[in-house]
Amino acid sequence: MNIIDSSFYKRDTVLVAQDLLGKTLVRYYNGIYVTGIIHETEAYRCSDDPASHAYRGKTQRNSAMFGPVGHSYVYFIYGVHFCLNVVARSQELQAGAVLIRSLLPMQGIPLMQKARKRMTNLANGPGKLTQALCITREQNGIDMTQEGQLFIVDTGIIVNKKDYRSTPRIGLSMAQDVLWRFYVPNNAY
DNA sequence: CTGGCGATGAACT
DNA sequence: GTTCATCGCCAGC
18 MNIIDSSFYK RDTVLVAQDL LGKTLVRYYN GIYVTGIIHE TEAYRCSDDP
68 ASHAYRGKTQ RNSAMFGPVG HSYVYFIYGV HFCLNVVARS QELQAGAVLI
118 RSLLPMQGIP LMQKARKRMT NLANGPGKLT QALCITREQN GIDMTQEGQL
168 FIVDTGIIVN KKDYRSTPRI GLSMAQDVLW RFYVPNNAY
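Quick note on my numbering: the first sequence kicks off at 18 and runs consecutively.
None of these hints come from the bench; they were simulated from the model. Positions of the beta carbon are idealized from the N, C-alpha and C atoms, including for glycine.
SDA-like cross-link-like pairs, simulated, lysine to any residue; straight-line CA separation at most 25 Å:
#  : residue 1 : residue 2
1  : Lys145    : Asp160
2  : Lys75     : Ile94
3  : Lys145    : Asp171
4  : Lys27     : Thr184
5  : Lys178    : Gly39
6  : Lys134    : Arg154
7  : Lys131    : Gly96
8  : Lys131    : Cys151
9  : Lys178    : Val195
10 : Lys27     : Val170
11 : Lys178    : Asp36
12 : Lys179    : Asn141
13 : Lys145    : Thr184
14 : Lys145    : Ile21
Label pairs and their in silico Cβ distance ranges:
#  : residue 1 : residue 2 : range
15 : Thr137    : Ser64     : 33 to 43 Å
16 : Gly144    : Met191    : 12 to 22 Å
17 : Gly173    : Leu32     : 16 to 26 Å
Let the sequences and hints guide you as you build the complete structure.
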């Protein structure tokens with residue numbers, strides 16, 4: 018198993034968001050591996066990014082974004098859902114994270130179906146993916162560069178520049194001019 | 001297929 | 001009080 022180490026995340030957040038496409042997110046839960054290929058991400062930086070939780074500095078909620086790279090940042094949104102990020106930034110940034118928005122389910126699909134209470138659309142959205150993988154605030158701040166309950170591996174899938182699209186990020190009223198959402202089109206779930 | 005809307009908590013003005 | 005890095009249901013094409 019080829020776990021991605023912290024040097025991968027110690028680069029520009031936008032670059033890391035692009036390079037995470039094609040990597041595999043692994044959730045080890047109740048003795049079962051639930052995995053999926055990452056195929057949609059968004060980059061969030063800090064004081065240079067009005068749409069980022071870290072824009073106004075460190076708070077209790079976003080403190081993980083200021084912590085070690087390669088760790089998880091899980092937050093609760095709209096009173097209903099959790100969203101999973103990986104902390105990533107270059108030296109000069111104080112904070113930054115990549116939102117994982119969508120997965121192509123691979124292993125443990127029956128468990129995802131049970132967690133989601135449906136058979137399809139298991140992980141094609143940030144709130145859906147955390148539900149499918151049973152990720153809550155308890156998984157906030159986990160070191161995802163170590164084998165454990167949550168980590169990311171490289172299975173050798175190459176996603177070239179021509180294989181993905183760049184668009185404005187979803188659900189924002191601010192900063193719609195930067196194309197920091199990346200996704201691989203043509204999903205088949 | 002599309003659009004409207006309620007659910008419901010945390011952070012901020 | 002308002003906004004928010006969302007989702008699923010329902011109505012109406």
